[in-house]
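Colleague: Given next are the chains, with one letter for each unit.
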Amino acid sequence: MKTLLPAVAAALVAGLLSTAAFAESLVLYTSQPNEDAQATVDAFEAANPGVEVEWVREGTTKIMAKLMAEIEAGNPVADVLLIADTVTMHRLKEAGHLMPYKSPEAAAYDASLFDGEGAYYSTKMITTGIIYNASASMKPTGWQDLAKPEAKGLVTMPSPLTSGAALIHAQTLAGIDGLGWDYYKALAENGATAAGGNGGVLKAVATGEKAYGMVVDFMAIRERAKGAPVEFVFPAEGVSAVTEPVAVLKTARNPETAKKFVDFLLSEEGQQVAVKMGYIPARDGMALPAGFPARETIKVLPVDAAEAVKNSEADLKTFSGIFGTN
Amino acid sequence: MAQLILNHLTKDFGGKGADRVRPAVSDVSLALRKQGFLALLGPSGCGKTTVLRMIAGFEQPTDGSIELGERRLSDATRVLPPEKRNMAMVFQSYALWPHMTVAENVGYPLKVRGISGEAWRKRVGDALSLVKLTDFADRRPAVLSGGQRQRVALARCLVTEPDVVLLDEPLANLDQHLRKSMEETFRAFHERSGATMIYVTHDQAEAMALATDVAVMSEGKLLQVAPPAEIYARPEGRVVGGLIGRGAIVRLNLPEGGARALDWPLLGAALGEMPAGEEHAGGGPLSDVLVRPEQVHRDSEGIPMRVLSSVFAGERFALTLALPDGQSVKAYSSVPLCEGARVPSS
Amino acid sequence: MLGRPLRVMAKARSWRWLRFAFGGATEEGAERSREPTRAPLPKALTRTLRGFEVPPSPYVTEDRSPKTNSSKAGTGWRAAYFRLRGQRMSAGGEPAWLLALVFGAVFLLSALPLIRLGWAGIKGLEGGEAVRVLFEAATFAALRNTLITAAGGMAISLFVGALFAFVVALTDIRGKLALSFAFMLPMMIPPQVTALAWVEMSGPSSPLLKTLGLAPPLGSPQPLYSLAGIALLLGVQHAPLVFLAVKAGLAAAPRDGVEAARLSGASPWRVFRDIVLPLSSPGLIAGAAIAFVSGIGNFGIPAILGIPASIETLPTLIFSRFASFGSSTFGEIAVLSTLIALISAAGLLLQQRALKGRDYRLIGLAGARAAFTLGRLRIAAEALLWSILALLLVAPLLALVASSLVPAYGVPLSFDTMSLNAYGEVLFRQSMTLTALKNSLFLASAAAVGLLAVTIPAGYLLVTRRGRLASLLAILIEIPYALPGIVLAVAFILAFAAPLPLIGVSLYGTIWIILAAYFSSFLAVSLKPVMSAFLQMDPSLEEAARLAGAGFLRRMRDVLLPLLAPAAGASVILVFLIAANELTVSALLWSAGTQTLGVAIFNLDDSGSSDLASALSVLVVVMVIGLMAALEFLAKYLPEGVLPWRN
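Protein chains in written order, with the numbering used here: chain A, -9 to 316; chain B, 441 to 786; chain C, 6 to 652.
Bound conformation, chain A alone:
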């Protein structure tokens, strides 16, 4: 006992001290999967020694809620935001929460991929396609295949209430002739479930709980390469895409470091990191990761961003009405 107390005290002090000074620090809120977020941060810290990055990861909707809660409580902590879709970002811009910044790297990007005033920049292209378990009897080639009787009760998808990409995907498909909300209704009647995020869908299909799923491309292709018994297909009708934008918050406590982070993500080095993780890079002139077909063969379906912003609430309600509240 006599030695225990001083030892504990010493540990406490050491613990407190260790949280102390790095020269610069940065707080990142992101909806990237944990391992990818960690890899991104590691690469940034390696390229910028002396910076310590703290990051928080949750599904887009939850991370947004956290952000809003902190802003309301008057205690916003985040400096930089890296989330799935530009629609959500645009809403933030309109509410005045973003700090415009003209990054020098923007020159290497297509103008449609970043905001004119520099409020946010796309960093990748992530499409949502169909994943299926290798032992599934029916091999789907298009979205409509998922509504077939062979897929009854075997389909799962992420919920727009958790995943930004899922929301865009639903809004995209809803705007396509021949699909629309009726398609989702048909899926629901066919026993499809919608819950959680993309990670959950991947796990469910890979482990055999479900046979078919809608999931983001990099996840499926990456896991397949690791040996998971799954296949990924870009459906015939086309895929929706989100571009994982990055932005600096107006309430950032470390704005300079935040800008450095944006620059890094957009730089060739940063984009190479994305490629290594299995994402399609947004920057011009960079090769796709292994396992993807050629960029031109991927048919990306258009989505009206302004409409999407306006209809988000209504669309969420519609989706919940079809599938339940999660």
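Read the hints as simulated data drawn from the structure, not as lab findings. There's no promise every hint is true.
Said to hold, decoys possible - As a list, the in silico BS3-like pairs of lysine-lysine whose alpha-carbon atoms are at most 27 Å apart:
| hint | chain 1 | residue 1 | chain 2 | residue 2 |
| --- | --- | --- | --- | --- |
| 1 | C | 215 | A | 142 |
| 2 | A | 216 | C | 215 |
| 3 | B | 572 | B | 551 |
| 4 | A | 129 | C | 215 |
Said to hold, decoys possible - Quick list of the computed label-pair ranges, beta carbon to beta carbon:
| hint | chain 1 | residue 1 | chain 2 | residue 2 | range |
| --- | --- | --- | --- | --- | --- |
| 5 | C | 152 | A | 314 | 16 to 22 Å |
| 6 | A | 172 | C | 218 | 39 to 45 Å |
| 7 | C | 635 | B | 556 | 35 to 41 Å |
| 8 | B | 643 | C | 380 | 49 to 55 Å |
The beta carbon of each residue, even a glycine, is placed where N, CA and C say it ideally should be.
We have chain A; now place chains B and C onto it with these hints.
Modeller: Chains B and C in isolation, oriented as in the chain A frame:
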């Protein structure tokens, strides 16, 4: 040394309604002899330990006061905390701190007063040598026997030269032989320290052996305070009589206004009037008479009695004899007697 | 979690010792018994978990309790201090500031946040906006789900827990200590880990089943993502609570009552049915109430099992309300929290009513277990119990380990494919898990050690003082632990959302708000071992120190603290154990950089990285078992009743 005075001391622990009990201590007034050895004697529940604890300062009186010389130690409104009373106590469980050695236990009161180093060692050594435990100074209490722990507790009482030493049934947990030797130790301790000692016990033999004054309590009240010889010879009342020494209390019809001590003629007359075989009936007030067994002798001119029981007690036989009217007395005999035998006695 | 068993066992201990204190073996003890010496331990403190009472030892009267010698009698000096002498502590003697300090601390930690919660709830109801949440379909569904799963869990806990308790307490099977130790594990392991482990064990995606070739076919639903699954796991998680409650009740069963029945010719079965079972009903009722109330407040299990199936219970509803922050959120969660608190209170009241009139004061020898010899049935009984344990404990843990070793989802596990990548990621690469580990260690140590500064004075006060003050103090200490963690978290959010007065700094979003909530939540846990030690301490030790002239601080330092040291150590370890794994409170209070281990596991699983979640969970389980083993190792130095798996 100042005189300790208990002034109409009362302690009521309360309790409401169905839980209401009588006060634990009721109007006890006592002026202790300076440097005397007072035994507080009484049966369980008589309040003697409560009185002791009030003297120590662990309880506050509900009424009355305790004074030491000029200072008032406690009354119903204020209590001087035990830390400031310069008293010492030997607890029934000895209260030795198990994580300290014997020497540290004994020397703790000195340590608290800021005495350390050579002075400390000397005083602790003196105390330990008085109780003959010098060799055990560095041991822990757990390895000591009951008697040895007793002595350590005593030694601890010595070091600060307290005004008052309190002992709460210290010999209750020891066996017969140890008790005898500890009584010696207490006597020596009393002489050496010159403190006023207050000794709570339910064992009247102990009280008589050790004390300069015996105070008998029962049901919270103080019945009698007197030196042992006095209290043995002239106990006041049934309770005290029953507590002190051995004896039987017999109810007899005696003329009023007589002397307290009965001689044989009067006693014999009263006994002779007794109708045989029945409870005393009719007229005349009854008085309690204490008959001690050593006062009962076998004599052909005495009252005939019947032997109720005869118990072998080693050096003699303890007899219970029945008087003609059925009341019993105790007696000693050096020869065995059968039950039911008729015995002339006087 | 651990605090509950402490209180169950300590309650049995404390009442026995109280009886001894009242009626000591000596005559003088009887005299003192007339005095209301030790405050009849304020009822609140004898509550075991979640704030209810295990019946005061119904089988022992004050006069007949046998004088007991501690089984730890030995030459060690520590053994000496455990023998009880039947004296009492004297009143007074503590400085006035002590009372103010303890009350102040307890008020800040306990009363203040709850008052704030109540006020927010009332304002929310008045405001009208928040009231709507009470009438939404989602709330009704959550309420219904909560009650169903809690009731189902209670039934399962009752069955399994009582079975184990009866067999362990009443028969002569071997290996009782090992069995008790192992049976405590489901309770010590955090609920989210239990849920993860079971999920990995069942369903078509189970690596364990896949490896064994027993996996159900493709597309079969995960059976645990259902109300039944939640109820089952709640039952498993809380069965040890029932075990402890029933065992405590049985510990006082009269041996000679049973012997008398058998002499009258009753067969063992009849003895059990007619005598033991009715006499153990207070323990059964108590255990059932604990299990029910714990089930209502449990967050980890419905979070992991319910969300994928869109099943919400009240705690997860609060959580998701909070996660989708809106303008009326504070009011809404205040109202929902009050709802949970009310249901818990109702459960406890019901239990109080059920126990009224079941006062089985008997005269008889207490303290000895009625032992049925099983003869040939013994092997069968041992096999039964160990196989139940294997199913409930070993299999899920194995599944957890298996799922932490797969290289990618869906790959069957074999010695070739096995990979420690998840552990590497969790321990070395993921900064979030390292942060979480660091935070949890800091929070747990700080809470464990810091609480002693409050509980030692509080324990002293509770044992020496009597009357309503002590009762009030005891209740204030109990309530935060009795409340479901989510309610406490909400209370703390509301109390600390705004910057603190005078200092102007907001605790919200920092690690300090989590620490404050831990202080409040685990105060009762920290108090129990300390109280046990105080109660078992011979009061004359302190009185002798007083007479020696030592003031309060002096005798605290020289006499009381050294004697309390083992219990204080146990208190530190126990609080550490619970706090390190805690999820419910930190799920609402965490922010960037202040994640805890529980939150880390939950987040990892929630974001789909369940292999990482499994790896972290395995590490947590190893830590739990390690700390429990450390406690067991120290057992001979600790007062009785501190370690729940010991008798």
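Colleague: Decide, hint by hint, whether the structure agrees.
Modeller: Now for the hints, and whether the structure bears them out:
no., hint, in the structure
1, 215/C x 142/A, "holds, 23 Å"
2, 216/A x 215/C, "holds, 18 Å"
3, 572/B x 551/B, "holds, 22 Å"
4, 129/A x 215/C, "holds, 23 Å"
5, 152/C x 314/A: 16 to 22 Å, "holds, 21 Å"
6, 172/A x 218/C: 39 to 45 Å, "holds, 42 Å"
7, 635/C x 556/B: 35 to 41 Å, "holds, 38 Å"
8, 643/B x 380/C: 49 to 55 Å, "holds, 52 Å"
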